[in-house]
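Chemist: Each chain is listed here by its residues.
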Amino acid sequence: DSGVTQTPKHLITATGQRVTLRCSPRSGDLSVYWYQQSLDQGLQFLIQYYNGEERAKGNILERFSAQQFPDLHSELNLSSLELGDSALYFCASSVVALGEQFFGPGTRLTVL
Amino acid sequence: KNEVEQSPQNLTAQEGEFITINCSYSVGISALHWLQQHPGGGIVSLFMLSSGKKKHGRLIATINIQEKHSSLHITASHPRDSAVYICAATLNTGTASKLTFGTGTRLQVTL
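First to last, the sequence lines map onto chains B and P.
Using our numbering, read the first sequence as starting at 361 and increasing by one per residue.
Using our numbering, read the second sequence as starting at 100 and increasing by one per residue.
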């Protein structure tokens, strides 16, 4: 158990819908990262937050947005969902911005 | 061309064998990570290294900064080592810490 929690574990929804994925970092970790793992693209970095501020952005679509709250938990919002958004979404956290990352169990999103 | 390349893509070994997985990268990095992903999907961080060598139990990770190459070794492999091993690089982007991933090596260890 890495200490990073993600909810929900599984999510099934329809195209065009909007969902919110939640991540709670390990106690004391200030940095949160979001990753997408799809069958055809592998693992891809989406976005990083550090102590509430966006620190780095990767291949995140405009339909996706994220934020980190004052209690350091983070949410990833996915809207206008498409079939291709079906993937595993991982959250990771680290103590500092360049530290070792600890991964949550992931949220499996299925868009039908 | 991917910034992080791994080989082999698939690897089958018998229990007890010594295993090596290779990772090469083409850009400046601040750290190299080795991750393990089990069939259930969960990802575990095995090592984060920026120079030299690290050892944890039967796992050893090395990095050669000049050659832009890292290896993950598993000694006395066991069926429970069966997993996908992923190399990832923290690119030199100042204070940002985004990981760029290799495509993974699927390891199957048989009895």
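The set of hints was computed from the structure by calculation and includes no laboratory data.
Computed from a predicted model, the values in this text were never measured in an experiment.
Be aware that a few hints might be false.
Sample of chain B residues facing chain P (criterion: CB under 10 Å; computed from the structure) [unchecked claim]:
id, residue
1, Arg415
2, Ala416
3, Gly418
4, Leu441
5, Gly444
6, Leu458
7, Gln461
8, Pro465
Ideal placement from N, C-alpha and C gives every residue a C-beta, glycine not left out.
Chemist: Could you run down the list of hints and mark each one as holding or not?
Modeler: How the hints compare with the structure:
1. Satisfaction of the interface hint for Arg415(B) is found here, the shortest Cβ-Cβ separation to chain P being roughly 5 Å, below the 10 Å cut-off.
2. Look at Ala416(B): its Cβ gets to within about 3 Å of chain P, closer than 10 Å, so that hint holds up.
3. With a least beta-carbon distance of about 5 Å to chain P, the hint placing Gly418(B) at the interface is held under the 10 Å criterion.
4. A cut of 10 Å between beta carbons decides the hint on Leu441(B): the least distance to chain P is about 20 Å, and the hint is violated.
5. For Gly444(B), the suggested interface contact is broken, since its CB lies about 19 Å from the closest CB of chain P, more than 10 Å.
6. Hint status for Leu458(B) relative to chain P: holds, with the closest Cβ pair at about 5 Å, below 10 Å.
7. For the restraint placing Gln461(B) at the interface with chain P, the shortest Cβ-Cβ distance is roughly 6 Å, inside the 10 Å limit, so the hint holds.
8. At about 5 Å, the closest approach between the beta carbon of Pro465(B) and any beta carbon in chain P falls short of 10 Å, and the interface hint on this residue holds.
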